[in-house]
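Peer 1: Given two chains presented individually in distinct reference frames, assemble the corresponding complex, making use of the accompanying hints.
First to last, the sequence lines map onto chains A and B. In this text, residue positions in the first sequence follow our numbering: the first is 1, and each later residue adds one. In this text, residue positions in the second sequence follow our numbering: the first is 433, and each later residue adds one.
FYI, nobody ran anything at the bench for these hints, they're computed from the structure. Treat each hint with caution, since some may be false.
To be verified - If we take Cβ atoms under 7 Å as the criterion, some of the chain A residues that face chain B in the derived model are:
| hint | residue |
| --- | --- |
| 1 | Ala73 |
| 2 | Gln254 |
| 3 | Pro298 |
| 4 | Asn304 |
| 5 | Pro336 |
Claimed, not checked - With a straight-line cut-off of 16 Å between C-alpha atoms, the simulated EDC-like cross-links for lysine to aspartate or glutamate are:
| hint | chain 1 | residue 1 | chain 2 | residue 2 |
| --- | --- | --- | --- | --- |
| 6 | A | Lys355 | B | Glu492 |
| 7 | A | Lys36 | A | Asp77 |
| 8 | A | Lys174 | A | Asp127 |
| 9 | A | Lys163 | A | Glu189 |
| 10 | A | Lys79 | A | Glu131 |
| 11 | A | Lys134 | A | Glu170 |
| 12 | A | Lys64 | A | Asp52 |
| 13 | A | Lys33 | A | Glu131 |
| 14 | B | Lys482 | A | Glu131 |
| 15 | A | Lys338 | B | Asp470 |
| 16 | A | Lys164 | A | Glu131 |
| 17 | A | Lys89 | A | Glu131 |
| 18 | A | Lys36 | A | Asp84 |
| 19 | A | Lys33 | A | Asp77 |
| 20 | B | Lys479 | A | Asp77 |
| 21 | A | Lys134 | B | Asp470 |
| 22 | B | Lys465 | A | Asp309 |
| 23 | A | Lys164 | A | Glu138 |
| 24 | A | Lys79 | A | Asp52 |
| 25 | A | Lys338 | B | Glu462 |
| 26 | B | Lys479 | A | Glu39 |
| 27 | A | Lys164 | B | Glu462 |
| 28 | A | Lys365 | A | Asp285 |
| 29 | A | Lys134 | A | Asp84 |
| 30 | A | Lys174 | A | Glu138 |
| 31 | A | Lys86 | A | Glu138 |
| 32 | A | Lys163 | A | Glu138 |
Quick reminder that beta carbons are idealized off the backbone N, C-alpha and C, glycines included.
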Amino acid sequence: MRKICLTVVGMYLMLLHAFSQVANTDSSGYKSKKLKLDEVNLVSSYYDQTADKSAVMGGRTDYKGNGDVTDLANGLDIKFIGWDPKGRKNSLSAGLGIDYHTAASQAYVDSNGHARNNGTRIYPTLDWSIENGKKGTEFGLGAYYSAEHNYYHSIGLNTSLSKKNHHNGEFSVKLNGYFDRIKMILPSEFIPVDSVKNVLATATVIYVTTASGRTQALTYANGQPVGGNSKPVIPSRARDTYTASFSFAQVINQRMQGSIAMDLVYQSGYLGLPFHRVYLNTGKDTIENLPSQRFKLPIGLRLNYFLGDNIILRMYYRFYVDNWGMVSHTASIEVPVKITPFISISPFYRYYVQKAVNYFAPYEKHTTSDQYYTSNYALGSFSSQSFGAGIRIAPPKGIIAGLNMLEIRYGHYTQTTDLAACYGAGFWTINA
Amino acid sequence: MTKSRFFTVSLATLTALSAFLFPSCSPVKEYQKSRINDSEMILANRKVEKTELNAQTYREGSSGANGGKTGGGCGCN
Chain A
1 MRKICLTVVG
11 MYLMLLHAFS
21 QVANTDSSGY
31 KSKKLKLDEV
41 NLVSSYYDQT
51 ADKSAVMGGR
61 TDYKGNGDVT
71 DLANGLDIKF
81 IGWDPKGRKN
91 SLSAGLGIDY
101 HTAASQAYVD
111 SNGHARNNGT
121 RIYPTLDWSI
131 ENGKKGTEFG
141 LGAYYSAEHN
151 YYHSIGLNTS
161 LSKKNHHNGE
171 FSVKLNGYFD
181 RIKMILPSEF
191 IPVDSVKNVL
201 ATATVIYVTT
211 ASGRTQALTY
221 ANGQPVGGNS
231 KPVIPSRARD
241 TYTASFSFAQ
251 VINQRMQGSI
261 AMDLVYQSGY
271 LGLPFHRVYL
281 NTGKDTIENL
291 PSQRFKLPIG
301 LRLNYFLGDN
311 IILRMYYRFY
321 VDNWGMVSHT
331 ASIEVPVKIT
341 PFISISPFYR
351 YYVQKAVNYF
361 APYEKHTTSD
371 QYYTSNYALG
381 SFSSQSFGAG
391 IRIAPPKGII
401 AGLNMLEIRY
411 GHYTQTTDLA
421 ACYGAGFWTI
431 NA
Chain B
433 MTKSRFFTVS
443 LATLTALSAF
453 LFPSCSPVKE
463 YQKSRINDSE
473 MILANRKVEK
483 TELNAQTYRE
493 GSSGANGGKT
503 GGGCGCN
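The shape of chain B in the complex, shown without the other chains (with noise of 0.2 Å):
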């Protein structure tokens, strides 16, 4: 499977996931949120991430959409 493919599959299928479940969603109660609460569940970067994701910035072209910075704020482009 060439790159471009694997990712047109990859974005196609979360797409479809995302499209089908949030519609789909069942009424979840507070007392049944102990796996959603779970701490590694968080729908964020972990916190020892933070320097992780600037590096990312620096090296790479494209930055944004992941609570991170989307450009300026540093020396770099």
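The shape of chain A in the complex, shown without the other chains (with noise of 0.2 Å):
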């Protein structure tokens, strides 16, 4: 009897026991983190072309290096990382480039060449999207304004959604617009001197281009100057871009994948440039006239594979065709070569080939009745060669101080235009 009870006490000690745990509450549940500075990204980049055709000259060749440019571009990009108590990462990403060119056609505004032929640009971005590691999904949005010279303004607006599947594929759209305001910059034998506009209703202005190319608004009362210059006023005329884009990316196998992207590109308003000049086979200059719309498609493909251990071939590919009659190939190849895990060459090759839209015509070769008109070379026909070679250092520890990664790229680009331009490129991730 006593050892059944002891039997008993036992088994219901031991009963207790594998119930003496206490409930593991999960402790270890997601906590939010707020936005912490993730990385700061700094790319820097020099272009210097030599051209004899540019569209401010109507395509004119006598004045031997009227397409000259130099661009010195800088570019600050700062990125914010945090988590949401439901575990979804956040991204804020904040940015600001600052552009420097000269551009020799840009004098010729002025009929003399005495215009201003440099200007600046700034265009600052603030981006923000939201993924969800879990359900392989993620959110973005984003703008952008853009300000120079010979327009007052461009806005652009961005939202784009991307989805994984279980296959190792992603699928992305994105939605994209921009609004730009061009300011009506005329070259100067255009501009007519001592006309009168009529602006107001109650006042009349008049618009003088000076000797630096700027215009100048005077303002006209009954046919009489009644006061000083006014602050100047440049007619602008609106341009909106509307791009929708599609994308897709596989992973084939362990050394290759793909992708395949597309958009539907509409654009609206103004489509030309106002100091773009075009001589008629007359021998007189008009400016260039384009139609107010424009659908653009362009189909892209890439696809990346790692040869053997230390080289890698980037493969990519373009068909593009639009409203206006023109249709381009693009294709381009690099191959990154690792020298060690964390440095690699990498040699690149481009080849593109475009067939001109249906309203170009060289200098001299328009005539009166054709409706549109233009002779800017970027509309012509023509091919083009690029190549060059870039350096990335992206040693695990950083290089020094802080410095993450560095990348520098320096390339050589030739038209069949005569236009030739070389170009470097440095890139820089410095790790909060």
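Peer 2: Next up, the structure:
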């Protein structure tokens, strides 16, 4: 009897022991983290171009070097990352770009070549995205602003959504809009001096182009000047661009992945530039005139392959067509070679060929019966080649003093329009 | 080989490769992605190429399908 009682007590104690553990509430539940500086990216580049057939000069070839351009561009991106209570990753990026350029053709907006030949462009950006790792989705919003001497402003807005599937594929959609106000800066010979333009209901204004190429507005009433220079008011025209971008990326095997991308682009408004001249076959010059609508369809394919242990093949092809009659093909290949696991050298080559838009003709080839006309060689028929190399250094512990990654790239670019350019760029990342 | 023939062959080859390879993808587990996840294998332009892409957009008539601009946003055509 005692044995039975002891046995029962023992079993009872064992039973109690089995349930003696305190229920482990999940104290490792996700905690939100505030936005924190993650990395800072800097990019600087230099571009130097020589060309003769600038659009400002209507494609003339007797003004040698009238298409020469230099451009110095700098960009700064700051990225913050945080997690919300639901475990979703939030990213906030703020960027600022500043470009300074000189352009020989710009001086010839004034027919005597006295207009300013340089300019500065400033363009801030702001992007936010939220990523749900469990669902494999990412949603983003972005805004962009740009200001330069030949347009009042450009405002850009975009939204994007991507979704990963269980087969290592990812589908993305992005909607983008740019809303530009183009300043109607005319070549000086087209600005009617001493002509009266009605701008306001109670005043009239005339525009005079000074030797520096600036347009000043003088207030007139009853055909007589009534005051000093008023604030310069240059008319503007709108240009809107709407883009729907679709892309699909897929891991093919352990060494290869590819993607296909397609954009549907619609532009409307003033699609030329007011200071681009066109010389007709009569010898008379006018301002280029292009249709007010344009549909574009580029389709791009990428294929990356890891060859052996140290060589990667990065291949890209793009087909482009639009309703202005342009058709183009782009093909490029880049071959990063890993000298060490953290240093790679990447030679590249790119070939491009385009067929002209229906409205293009060279200097003094357009007729007075043409409804639309341009002599901008960027819209003409030509082919181009570019080649160069880059070097990338990204050791796991950084390079020096917080500098995490450095990438330098140099290239040479030529067109069959006799345009040639060389460029160099540097990109570095500083981790917080 | 003429230029148009070169591009016709290139496009046909890449399209055929894509049509053949994408559906025939073999499953790749996370621990097998050491090469796929290499920074040089990213399916996008390098960030250092940004200004280079802009220059191409200004000097050439076509753009898009490469993560860059498709038009607008600047004082260019």
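Peer 1: Confirm or reject each hint.
Peer 2: Results for each hint:
1. Ala73: 5 Å, holds
2. Gln254: Since the shortest Cβ distance to chain B is 5 Å, the answer is holds.
3. Pro298: 4 Å, holds
4. Asn304: 5 Å, holds
5. Pro336: 4 Å, holds
6. A:Lys355 - B:Glu492: Given pair A:Lys355, B:Glu492 holds - Cα atoms ~11 Å apart, limit 16 Å.
7. A:Lys36 - A:Asp77: Between A:Lys36 and A:Asp77 the Cα gap is close to 14 Å, so the pair holds against 16 Å.
8. A:Lys174 - A:Asp127: With Cα atoms ~13 Å apart, A:Lys174 and A:Asp127 stay inside 16 Å; holds.
9. A:Lys163 - A:Glu189: 55 Å, violated
10. A:Lys79 - A:Glu131: Roughly 15 Å between the alpha carbons, so the hint for A:Lys79 and A:Glu131 holds.
11. A:Lys134 - A:Glu170: 14 Å, holds
12. A:Lys64 - A:Asp52: 5 Å, holds
13. A:Lys33 - A:Glu131: Roughly 14 Å separates the two Cα atoms, so the pair holds.
14. B:Lys482 - A:Glu131: It is violated: about 24 Å lies between the C-alpha atoms, which goes past 16 Å.
15. A:Lys338 - B:Asp470: At roughly 11 Å apart (the allowed maximum being 16 Å), B:Asp470 and A:Lys338 satisfy the hint.
16. A:Lys164 - A:Glu131: 11 Å, holds
17. A:Lys89 - A:Glu131: Holds - the C-alpha atoms of A:Glu131 and A:Lys89 are around 5 Å apart, at most 16 Å.
18. A:Lys36 - A:Asp84: 12 Å, holds
19. A:Lys33 - A:Asp77: 21 Å, violated
20. B:Lys479 - A:Asp77: Holds, at about 11 Å.
21. A:Lys134 - B:Asp470: 23 Å, violated
22. B:Lys465 - A:Asp309: 14 Å, holds
23. A:Lys164 - A:Glu138: 9 Å, holds
24. A:Lys79 - A:Asp52: 42 Å, violated
25. A:Lys338 - B:Glu462: 23 Å, violated
26. B:Lys479 - A:Glu39: 14 Å, holds
27. A:Lys164 - B:Glu462: 14 Å, holds
28. A:Lys365 - A:Asp285: Satisfied, since the Cα-Cα distance of roughly 11 Å is no more than 16 Å.
29. A:Lys134 - A:Asp84: 14 Å, holds
30. A:Lys174 - A:Glu138: Holds - the C-alpha atoms of A:Glu138 and A:Lys174 are around 11 Å apart, at most 16 Å.
31. A:Lys86 - A:Glu138: Distance ~14 Å between A:Lys86 and A:Glu138 Cα, so the pair holds.
32. A:Lys163 - A:Glu138: 7 Å, holds
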